[in-house]
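Asker: Line by line, the protein sequences are chains A and B.
Numbering-wise (our numbering), the first sequence opens with residue 23 and increments by one.
Numbering-wise (our numbering), the second sequence opens with residue 109 and increments by one.
Because the hints were derived from the structure by calculation, they are not lab data.
Check the hints yourself; a few may be wrong.
Unchecked claim - With a cut-off of at most 25 Å between alpha-carbon atoms, the simulated PhoX-like pairs for lysine-lysine come out as follows:
1. B:K134 - A:K60
2. A:K75 - B:K206
3. A:K44 - B:K206
4. A:K44 - A:K31
5. A:K62 - B:K164
6. A:K44 - A:K62
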Amino acid sequence: DTEVTQTPKHLVMGMTNKKSLKCEQHMGHRAMYWYKQKAKKPPELMFVYSYEKLSINESVPSRFSPECPNSSLLNLHLHALQPEDSALYLCASSPQSQTGYFYGYTFGSGTRLTVV
Amino acid sequence: SQQGEEDPQALSIQEGENATMNCSYKTSINNLQWYRQNSGRGLVHLILIRSNEREKHSGRLRVTLDTSKKSSSLLITASRAADTASYFCATEEQGAQKLVFGQGTRLTINP
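All chains, please: the whole structure from these sequences, using the hints.
Answerer: This is how it looks when you write it as C-alpha cells:
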C-alpha cells in the first residue's frame, strides 16, 4: 500500500459544529503532516507528528486540534471554525530522514472543507 | 511562512514544447522537491534533489539546483496535454523535518 487515504473527501460544517478529518497510511512512515491550502495558493504547514508525538505546531489556532492515535492514523479535530477556515486540508507522510538520505512526501487527495 | 518565489506564476505553451519553471528560496536546505497538483487535489511527488547535487533527471523531467544562488529549475521536455497542472517547489530546511512550498506555477499545455 503506497497511499495516504483521507476521509471525508468533502465536508460542510456550521460554525458551531464539531467534526474530525481522518488520515491513514500503511507505509510504515513515522512522520505525518497536516497542511492547509486555500484556492490558488501553496499548501501551508499546520502540524508535524514524528513517532506519534507532536513536533511542530505552526501557531495554529486552538480550534484545530491534531491527534495521532497510532503510527498509521492522524486526525484533525475541528471545533468552532470560521468561514475563513474553508480550504483544502491535506495530509502527508514521509519516512524519518536519516543523515544524508531524504525522501519525498506522500500526500493524500485532501478534504475540501466548507464552513458555513 | 512561505519559502520563496516561483517564476513564472503562469505558463501556457503548445504540446510538444519544453516548459521551464524556476524556484528561489531563502534558507539553507537539506533538499528541494518538486510536486504536481491537478485541479486542487492531492500533490504528487515528482523529483527530489539533495543539497549536494546539481542536476537530476527522471524521465522527461530535469531539475537543477544552485545552492549559491538559492535557486532551482524544473524542465519538462516534450510536453503533453496531461502535464497541465500546478507545479510547486518545496524545500526541506536544515534542522527541521518539514516541507515549505513556493508559490507555484500554473502550467497549461495547449493541444
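Asker: State for each hint whether it applies.
Answerer: Now for the hints, and whether the structure bears them out:
1. B:K134 - A:K60: holds (23 Å)
2. A:K75 - B:K206: holds (14 Å)
3. A:K44 - B:K206: At roughly 20 Å apart (the allowed maximum being 25 Å), K206 of chain B and K44 of chain A satisfy the hint.
4. A:K44 - A:K31: Roughly 10 Å between the alpha carbons, so the hint for K44 of chain A and K31 of chain A holds.
5. A:K62 - B:K164: Given that 25 Å is the threshold and the Cα spacing comes to 28 Å, the pair is violated.
6. A:K44 - A:K62: holds (24 Å)
Violated hint for the displayed structure: number 5, the only one.
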